[in-house]
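Chemist: Start from chain A and add chain B according to the hints.
Protein chains: 2
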Amino acid sequence: MYDRIYNFSAGPSMLPLPVLERARDELLNYGGSGMSVMEMSHRSKFFDDIIVDAEKLMREVMGIPDNYKVLFLQGGASLQFASVPMNLMKTGRADYAVTGQFSGKAYKEGQKYGDAHLAATTKDINFTRIPRQSELDIRPDADYFHICFNNTIFGTKWDYIPDTKGVPLVADMSSCILSEPVDVSKFALIYAGAQKNVAPAGLTIVIVREDMLRDELPATVPTVCSYKTMAEAGSMYNTPPCYPIYICKLVLEWIKDLGGLEEMKKINERKAAKLYACLDSSRMFNNPVSPESRSIMNVTFRAESDEINAKFVKESAAAGLQNLKGHRSVGGMRASIYNAMPEAGVDKLIKFIEDFEKANS
Amino acid sequence: MYDRIYNFSAGPSMLPLPVLERARDELLNYGGSGMSVMEMSHRSKFFDDIIVDAEKLMREVMGIPDNYKVLFLQGGASLQFASVPMNLMKTGRADYAVTGQFSGKAYKEGQKYGDAHLAATTKDINFTRIPRQSELDIRPDADYFHICFNNTIFGTKWDYIPDTKGVPLVADMSSCILSEPVDVSKFALIYAGAQKNVAPAGLTIVIVREDMLRDELPATVPTVCSYKTMAEAGSMYNTPPCYPIYICKLVLEWIKDLGGLEEMKKINERKAAKLYACLDSSRMFNNPVSPESRSIMNVTFRAESDEINAKFVKESAAAGLQNLKGHRSVGGMRASIYNAMPEAGVDKLIKFIEDFEKANS
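Sequence lines, in order, name chains A and B. So in our numbering the end of the first sequence lands on 361, straight run, no missing numbers. So in our numbering the end of the second sequence lands on 361, straight run, no missing numbers.
For reference, chain A alone in the conformation it holds in the complex (with noise of 0.2 Å):
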């Protein structure tokens, strides 16, 4: 009808269609407003109405406690990276799990602002799997203890919350958040990058404990980097994205007339699951990770040969499957198959496995 292809980039992402079509409709006057959502003063009513119900939809979807506050903001992951240790950092103590290329980053940004120790790596066996709890070296008196919960690059999530015996726990869900329900309790901090299951490239969700907001922070940190400041202000110090945060929105009642986290962990499991299978089974392709670390919402695989994995992506791509190359660090495949990539996207994935291994044995 569109002749939409099926994007299996790792981020910016697919974007459910029902929320596009939408999105498309009220482009250009929004429920009778005569005015974009683009065009919309954030201190309007119209806005003010789009940023509460996103709020108020993602604390029912996530099931986000009272006493946690949720922050509509800019700068992607990597400006969390360092607004993480900039208010946290009490003491100048934090610890870190890296376990892939963004907790790495995150891991150096956290030097810059203190003693940032390494808690647990699985770096000498490539990231293919999550460090357990008795590998976890956490100091007791350390300010926060920063994992990144699914790690896009290399296919993995964390199958348990750890146990910090008290130590705040700090979490990167850029690439998984609302694939599944999770414990919010369990963290005093959970920060997103959007652009992967929430909203187009430019907004950041931060979800904060309350009695984590500081007041008085070091000077060098930008006022809009304070979280107690944004709190406060309800996102709004400065003008927010608000395009993001409306499409973020419809993206939520979208989750919700789903059937809300539970559900979309089920149609999650069952994409993810088929095709754990498929490769599971295949001669030619295989996924390096351990199988209670894998990731529902990206999935690596490869052939020994390099020329296979080039051809793999080349045909796929013809074949409307696009963006499968690995990352760059990697090599090979990697489908990233997040919410809003349909059922039938994965099955038509599968189908194109088994035939390319046939055609190519």
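To be clear, the hints were calculated from the coordinates, so they are not data collected in a lab.
Each pair may be met inside one copy or between any two copies, as identical chains are not told apart.
Here are the simulated SDA-like cross-link-like pairs (lysine to any residue), alpha carbons at most 25 Å apart as the crow flies:
no., residue 1, residue 2
1, Lys108, Ala219
2, Lys228, Gln111
3, Lys274, Ser361
4, Lys45, Arg24
5, Lys165, Val182
6, Lys228, Gln101
7, Lys108, Tyr237
8, Lys112, Ala233
9, Lys108, Val330
10, Lys256, Glu180
11, Lys314, Leu28
Modeler: Just chain B now, with coordinates in the frame of chain A:
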């Protein structure tokens, strides 16, 4: 046709109708890609063409010299209030002109990073004019001199480019960028939140002379706030605000098709001149700004009676002339007549002012 209103909001504000129509038409499938621009990997060929075109058009339309970088960032002008001192304060001394609320915020933020000096202000006369060259107390050894080129709230504009005697000149052009030609070579750095004349909220344009880019910044500067890091990464150190960059490209195409900034200036001056003429001949309404400092983007006016002001705001909104209420710090009315406000909207406002005055005298 779409029941669109005339939206006089100070920002976010109107976008050109042809831009919105095109965005709507290709929302589900951009250029045969089978994807929305909101769904595209920022590393894809499709998006690369968009950001490259946006930069090329910005350079062409504004006449930006080759020794300047054009950056597409997040965080708004408010983050720039911190990024400018973080990047440009080498000796720790910087000078500011305070000509309204936002320049005041920039000055206050600058004080967090070093010795920020008030080089000029017109606060004592409620910011009703821009300081003259002779009133500027710029220290010869300051790292930069910062001005806000157009003051949204008070409706003033610098009618000259200050002679800084070699001190790098930095300008916040959030509410006037692309409204008329400007000699970029006179500035060391120009920045602008996009949500008035460029694109939806969530994009910040930075135009910076290459010799201002520094390698060694203090450790406390977030990596994404380093101009040099962003310049070297072509604004893609992390995921940029892709959709506003796409709209920015469409807006620049619209300006170019119109005849560029010379023509844009003629239209804007014509719109502003007739509105000021109406106010100058009114016995009910008054614009308090000194004629030489009048903005062609934001036109403030008020009646003596608060009751009349409130009635005007209410009745004009009902007539499809919306968001004319002045900023809470000033009161009265403000008509923001950015590039995308059609001349017909200004004509309708003038007619409304005249009719209102007759009916209420």
